[in-house]
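Enquirer: Numbering (the working numbering), first residue to last: 753 to 1044.
Because the hints were derived from the structure by calculation, they are not lab data. Please note that a few of the clues may not be correct.
Okay, the calculated beta carbon distance ranges per label pair [claimed, not checked]: (1) 1034 - 930: 17 to 27 Å; (2) 992 - 1015: 11 to 21 Å; (3) 971 - 840: 26 to 36 Å; (4) 837 - 1019: 23 to 33 Å.
Lysine-lysine pairs mimicking DSSO-like chemistry, simulated, CA-CA at most 27 Å apart [stated by the list, open to error]: (5) 784 - 864; (6) 756 - 833; (7) 887 - 901; (8) 882 - 961; (9) 845 - 882; (10) 952 - 881.
Keep in mind the model is a prediction, meaning the values are calculated, not measured. All C-beta atoms in this analysis are idealised placements derived from N, C-alpha and C, irrespective of residue type, glycine included.
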Amino acid sequence: MTKKKLILGTVQFGLNYGVNNTKGKPSSENIKNILDTAYNNGIYLLDTAEAYGDSQEKIGEYHLNSSNKFEIITKFSATVKNLPFNITERIKKNIATLQVNNLYCYMFHSFKDFDSYFKPFQKDLSSLKKEGIIKKIGVSLYTNEEFEKVLEFDDIDLIQLPFNLLDNTTKRGEILSKAVKKGIEIHTRSVFLQGLFFKKTTDLSGNLKPLNKNFDKLHNLCSDNYKMNDLALNYVHSQEKIDKVLIGVDTVDQLLDNLSSIKKEISSDRIEEINNINVEQNELLNPSNWKL
753 MTKKKLILGT VQFGLNYGVN NTKGKPSSEN IKNILDTAYN NGIYLLDTAE
803 AYGDSQEKIG EYHLNSSNKF EIITKFSATV KNLPFNITER IKKNIATLQV
853 NNLYCYMFHS FKDFDSYFKP FQKDLSSLKK EGIIKKIGVS LYTNEEFEKV
903 LEFDDIDLIQ LPFNLLDNTT KRGEILSKAV KKGIEIHTRS VFLQGLFFKK
953 TTDLSGNLKP LNKNFDKLHN LCSDNYKMND LALNYVHSQE KIDKVLIGVD
1003 TVDQLLDNLS SIKKEISSDR IEEINNINVE QNELLNPSNW KL
């Protein structure tokens, strides 16, 4: 496997994020160390967003003080009001903040944002793409229904969606095949389901208790030599239809653990067992629905 399939997420640089995050946002020094380690290990693409607090500013600060230059995905969010509404001005402001020359992808942060603003912005986005200011236009979404609607548009180059041990090929396989046929680049997020996979089955509370039996199956696929981190990362990383896998870390050690994990191949037997897991309550795969 190649490390270049990994993208580093940066939401945690600007916001307190994840169910297991007890330390809050990393310091500027820790961010520098995380980004240096990522770059030195072949990860050259960062995922951020206008709505991620001061994450974009932190990346820009790093670029100002380093010869390393990452490619950047950032996202439009209609809820962010401190940026120009004119999309060309807005993107150029983001580029200046990030201290880069262009964007790998400018993405709509949700299907709602896409549905409301893609058509009004479409002409300007196409012009920015022709000028090389943005390389790709993308959408971040949740459901297969949203995915189907986005596939109707020809100007979308990239789709980001959740994909993990529970939100798996059983849920997503058919829709991914359709995207591949259209030549759309696929990025996945929620590889660790915001850290939920690292909780013990007995710690699942609130409306997550129905996931107990699924968690038991996952824990049974782990061993002393093949831990949950290895299982979760390699299941997603092994999918041929997925171009990039987004991971987020709070520390250098977590990043090094992930880089170590992807050196461990996942067996076809394990993949088959995971594919056979079918969560009946789809709403529990979306963290915004959790009642912990």
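Enquirer: Hinted pair, alpha-carbon criterion (27 Å max): residue 882, residue 961. Please report holds or violated.
Expert: 50 Å, violated
Enquirer: Is 26 to 36 Å respected by the C-beta to C-beta distance linking residue 971 and residue 840?
Expert: Since residue 971 and residue 840 have Cβ atoms about 50 Å apart, the given range 26 to 36 Å is violated.
Enquirer: Is it true that the CA of residue 756 sits at most 27 Å from the CA of residue 833?
Expert: 34 Å, violated
Enquirer: Would the pair residue 784 and residue 864 pass a check requiring their Cα atoms to be no farther apart than 27 Å?
Expert: 34 Å, violated
Enquirer: Can the restraint linking residue 887 and residue 901 be considered satisfied, given a maximum Cα separation of 27 Å?
Expert: 22 Å, holds
Enquirer: Hinted pair, alpha-carbon criterion (27 Å max): residue 952, residue 881. Please report holds or violated.
Expert: Violated, because 46 Å separates the two Cα atoms, which is more than 27 Å.
Enquirer: Just to be careful, I want the Cα atoms of residue 845 and residue 882 compared with a cutoff of 27 Å; is the pair within it?
Expert: 18 Å, holds
Enquirer: Mind checking the hinted window 17 to 27 Å against the Cβ distance between residue 1034 and residue 930?
Expert: Since the Cβ atoms of residue 1034 and residue 930 sit about 19 Å apart, the hinted range of 17 to 27 Å holds.
Enquirer: Cβ-Cβ distance between residue 992 and residue 1015: within 11 to 21 Å?
Expert: Given range 11 to 21 Å: holds, Cβ gap about 19 Å.
Enquirer: Between residue 837 and residue 1019, does the C-beta distance stay in 23 to 33 Å?
Expert: 51 Å, violated
Hint compliance for this structure: hints 3, 4, 5, 6, 8, 10 are broken, all remaining hints hold.
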